[in-house]
Amino acid sequence: MSDTKTNPPEFFKRFTLFRQVEHHLNAIVFSLLVLTGLAQRFHEASWAQGSVRLMGGIDNVHVYHRIAGIVFVVLFTVHLVGGIMAVLSGKRLTMFIVGNDFRDAIQNMNYFMGRADKPARCDRFEYKQKFEYWGVIMGSLVMGITGLLLLFPTWLFSTFPFIPGQALAAAKAAHSNEALMAFLVIVTWHIYDAVLSPEVFPLDTSIFTGKISRARMMHEHPLEYERITGLPAESHDHGHDDEHHDDSHDKKENA
Amino acid sequence: MKIRHLFVALPLAFFATPAFAEEEAENTGSVEHCMECHEDEDLTKTLGDGKELPMGVNLDLLEGSVHAGTDCVDCHVDYPTDDEHEAKEFKNAAESKKHFSSLCAECHEPDEGIHGKMLEKLTDATCLDCHGSTSGGKGGHDIKPISEMGGCMSCHKHEMSIVFADGTKALLQEDPKVLAHSVHDSHECIDCHSDYDEHPVIEFASHREMTAKLSGESCKQCHEDVFETYKESAHGAALFRKKNLDVPLCSDCHKSHAIKDPKASEFRNHVPQTCGACHANKELMDKYGLKSNVLETYLNDYHGVTSYFYIKEGKENTPVIAVCTDCHGIHDIMTARGDNSAVVKEKLVKRCQSCHPDATENFPDAWISHYEPSLDKAPAVFFVNVAYMFLIPFMIGGLLIHMFLHFWRYAIKKD
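Line order of the protein sequences matches chains A and B.
Letter by letter, the first sequence follows residues 0 to 254 of numbering that gives the first Met the number 0.
Letter by letter, the second sequence follows residues 0 to 414 of numbering that gives the first Met the number 0.
Accuracy of the hints is not assured; some may be wrong.
[Claimed, not checked] With a straight-line cut-off of 30 Å between C-alpha atoms, the simulated DSS-like cross-links for lysine-lysine are:
{"no.": "1", "chain 1": "B", "residue 1": "Lys412", "chain 2": "A", "residue 2": "Lys127"}
{"no.": "2", "chain 1": "B", "residue 1": "Lys262", "chain 2": "A", "residue 2": "Lys127"}
{"no.": "3", "chain 1": "A", "residue 1": "Lys12", "chain 2": "A", "residue 2": "Lys117"}
{"no.": "4", "chain 1": "A", "residue 1": "Lys210", "chain 2": "B", "residue 2": "Lys413"}
{"no.": "5", "chain 1": "B", "residue 1": "Lys262", "chain 2": "B", "residue 2": "Lys376"}
{"no.": "6", "chain 1": "B", "residue 1": "Lys412", "chain 2": "A", "residue 2": "Lys117"}
{"no.": "7", "chain 1": "B", "residue 1": "Lys413", "chain 2": "A", "residue 2": "Lys117"}
[As the list claims (entries may be wrong)] Restraint ranges, calculated between C-beta atoms of paired labels, are given here:
{"no.": "8", "chain 1": "A", "residue 1": "Ile144", "chain 2": "B", "residue 2": "Glu371", "range": "17 to 27 Å"}
{"no.": "9", "chain 1": "A", "residue 1": "Leu53", "chain 2": "B", "residue 2": "Ala410", "range": "53 to 63 Å"}
{"no.": "10", "chain 1": "B", "residue 1": "Glu265", "chain 2": "A", "residue 2": "Ile27", "range": "50 to 60 Å"}
{"no.": "11", "chain 1": "B", "residue 1": "Val182", "chain 2": "A", "residue 2": "Ala26", "range": "50 to 60 Å"}
Derived from the structure by calculation, the hints contain no laboratory data.
Note that the structure is predicted; figures quoted are calculated from it, not measured.
Beta carbons: idealized from backbone N, C-alpha and C, even for Gly.
Please model the complete structure; the sequences and the hints are all you need to start from.
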C-alpha cells in the first residue's frame with residue numbers, strides 16, 4: 000500500500016475473474032431467455048415467428064428456455080450465497096444502498112442540468128450501478144420464483160392447497176411483465192452505461208479485462224481512489240479531465 | 000324412332016363408290032349419306048371465335064351408346080336431307096353444345112323431375128354437360144346411362160349450385176379427390192346421400208336446413224354413439240329441442256367431404272380456430288349472451304401460444320397441448336352456467352390431470368376462464384398487470400431522462 004501511495008498504478012483491479020465469468024454467463028443466459036421468452040409473449044410478430052422457426056420450433060424453444068432458466072437460477076443462487084456469506088463474514092459491503100447514494104443522485108441531476116459545479120463523488124459503486132444491481136437482484140428473484148412456479152405448475156397448489164388458482168396466472172403475468180421490463184432496462188440503461196455513454200464509448204472494457212484506468216478511477220470512483228492510494232483524486236481529476244475543469248469554470252462564471 | 004341396320008349400312012358406306020353415294024344421296028338423310036363426309040376424322044369447321052370444332056363422327060361411339068341405331072337426322076332434325084347442307088354458324092363451342100342439347104327435347108321432356116327443376120336453375124348447363132363424356136363434335140354420340148358415366152360425378156363435377164327458398168346458395172360441385180383423401184375414402188356418394196337414389200330435388204328452406212338434415216341423418220347411420228352424446232350436449236339440445244340452426248352440425252367441425260382424422264395433430268391443433276369460427280363471432284355470441292373474446296384469451300395464454308406455433312409449423316404428431324375440447328368436452332359440451340358450473344368444474348380437474356397428474360382442486364383456476372383480469376375476476380392478476388403498467392413506463396422513462404441528461408452534459412453541452 001505504501002507503494003501505491005507514492006506512485007499510484009496505471010490500472011486498478013475492478014473485477015475478479017469469477018465476477019467476469021459470472022457476468023458473461025449471465026449475459027449469455029439472459030439473451031437466450033429474452034429471445035425464447037419474448038418470442039412467446041409477442042408470438043404474432045414476424046421476428047418472433049422467424050426466431051422460433053430458426054430454433055427448430057416451439058417445442059425446442061420451450062426446452063431452451065427452461066434449460067437457460069435453470070442455469071440462470073443456479074447462477075443467481077451462487078451469487079446470493081456468496082453475498083450472504085460476505086455479509087456474515089463482516090466484509091466491507093460496497094453494494095448496499097446508503098443515504099449518500101440519494102444525495103449523489105440529486106447532486107448528479109443538478110450537475111447535468113447545470114445547477115451544480117461538480118458531479119457527485121462516488122465510491123467503489125456509484126448510485127447508478129447500485130440501482131441497476133438491486134434491480135437485477137429483485138428482478139432475478141421475481142423471474143426465478145415465478146419461472147419455477149410455471150415450470151412446475153401443480154406444485155404450488157398441491158403443497159399449499161389454500162392458495163387460489165389465480166396465483167399461477169398472476170405469476171405468469173409477473174414473469175412476462177418483469178421480463179419485458181428487464182429487457183428494456185438492459186437495452187436502454189445498461190447498454191448506454193457500458194457502451195454508448197460518452198464517458199466509456201466505444202466500450203467499458205473493465206468487465207472483460209477486470210481493470211479500470213487511473214483516469215477513470217479518479218473521475219468515476221474518486222472516494223475509492225483516495226482510500227486505496229491515500230492521494231486526493233480531485234487535483235488529479237482536474238489534470239486528467241479537461242471537460243470537468245471547463246465545466247466547473249463555466250459554472251463559476253455563471254454564478 | 001327409326002332404326003337402321005348399320006351392320007349392313009356401315010360396310011356399304013365404307014366401300015361406297017362415288018356413283019353409289021350420289022345415288023343414295025338423292026333420296027334420304029341416311030347415316031351412310033351423312034358419313035360420306037363426316038367419316039373423315041379430320042373434318043372440322045371454324046367457329047366464330049376462330050377455334051376449330053371437330054366434325055368427324057365415330058360411329059362406334061354411337062353404337063355403344065343408348066342411342067345405338069338412331070339415325071343422324073333423328074337428332075339433327077333441322078338439317079336438310081339433300082346433298083349439300085348449309086353450314087351452321089356458332090360463335091363458340093359452348094354455343095354449339097347448347098344448340099345440340101336443345102335438340103334432345105325432341106324426344107326427352109326436360110321439364111320432368113330433376114331435369115326440369117335443375118335446368119331452371121342451371122341456365123348455362125346443357126344436356127351434354129352431364130350425359131356426354133367427350134367434348135367437341137363427338138359430344139353427343141356416346142350417351143350412356145348416368146350409372147355408366149361416373150355416376151353422381153358425371154354431373155357434380157360441373158360448377159353448379161342450388162339456390163334455396165331463403166336465397167342461400169349451396170355449391171353442388173364436388174371434387175372426387177377431396178373425398179378420396181379423407182377418412183371416408185372408401186365411401187360412395189350414396190352411403191351418406193342416401194335419399195338421393197332417384198335424385199329427387201328435396202325442397203329445403205335454407206342451405207343450413209339441408210346441412211342439418213345431412214349431418215343429422217347421414218352421420219348417425221355409422222356414428223350413432225357420437226350422435227346420442229351430441230344430442231344431449233348444449234349444442235345438440237338446442238338443435239333438436241329448439242330447432243336452433245346456429246349450433247355446430249357435424250360438418251361444421253368435421254367438414255362434409257374433406258373429413259380428416261380428428262385424433263391427428265392437424266385437426267387437434269386447429270380446434271381453437273374451429274370453435275372460434277362461431278365463438279369469436281361477436282354478433283353471433285351476443286345473441287346468446289356469450290363472450291366472444293374466448294379465442295383471443297386462449298391464444299394469449301401458454302397453451303394457446305403453443306398451439307398457435309404448432310399450426311404455423313404444420314408438423315405432424317406434435318405433442319398434445321390443451322385445446323378447447325380438452326376442458327369443454329367434444330360432443331358432450333355442456334353449458335358452464337348456473338347449476339352446471341360445479342359439475343363442469345369437477346370434470347375440469349380430471350381433465351387437467353390427464354396432462355398434469357398432480358393437479359389439485361384449485362389448479363383449474365390457474366386458467367382464469369377466458370376472463371380479462373379485473374378486480375372482480377382474478378384480482379391478483381389484475382393487480383400485477385396494473386402495477387407493471389405503471390412500473391415499466393416509470394422505470395424506463397426515469398432511466399431515459401437520466402440517460403439523456405447525462406448525454407447532454409457529457410457529449411453536447413461539454414463546453
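Could you check the hint for me, namely that Val182 of chain B and Ala26 of chain A are 50 to 60 Å apart, CB to CB? holds, 52 Å
Cβ-Cβ distance between Glu265 of chain B and Ile27 of chain A: within 50 to 60 Å? Taking Cβ atoms as reference, Glu265 of chain B and Ile27 of chain A lie about 37 Å apart, which means the hint is violated.
Given the hinted pair Lys210 of chain A and Lys413 of chain B, is their Cα-Cα distance within 30 Å? The given pair, whose Cα atoms are some 27 Å apart, holds under the 30 Å limit.
Proposed proximity, Lys127 of chain A with Lys412 of chain B (alpha carbon, max 30 Å): At roughly 21 Å apart (the allowed maximum being 30 Å), Lys127 of chain A and Lys412 of chain B satisfy the hint.
Check whether the Cα positions of Lys413 of chain B and Lys117 of chain A lie no farther apart than 30 Å. holds, 13 Å
CA of Lys12 of chain A to CA of Lys117 of chain A, is that 30 Å or under? holds, 26 Å
Do Ile144 of chain A and Glu371 of chain B keep their Cβ atoms within the hinted range of 17 to 27 Å? Since Ile144 of chain A and Glu371 of chain B have Cβ atoms about 25 Å apart, the given range 17 to 27 Å holds.
Does the alpha-carbon distance linking Lys262 of chain B and Lys127 of chain A stay inside the 30 Å limit? Not OK: Lys262 of chain B and Lys127 of chain A at ~57 Å, beyond 30 Å, violated.
Just tell me: holds or violated, for the beta carbon distance of Leu53 of chain A and Ala410 of chain B against 53 to 63 Å? Given range 53 to 63 Å: violated, Cβ gap about 37 Å.
30 Å Cα cutoff - pair Lys262 of chain B, Lys376 of chain B: Answer violated: Lys262 of chain B to Lys376 of chain B is near 34 Å, above 30 Å.
Within a Cα-Cα threshold of 30 Å, do Lys412 of chain B and Lys117 of chain A meet the stated pairing? OK: Lys412 of chain B and Lys117 of chain A at ~14 Å, within 30 Å.
Checked against the numbered hints given earlier, this structure breaks hints 2, 5, 9 and 10; the rest are met.
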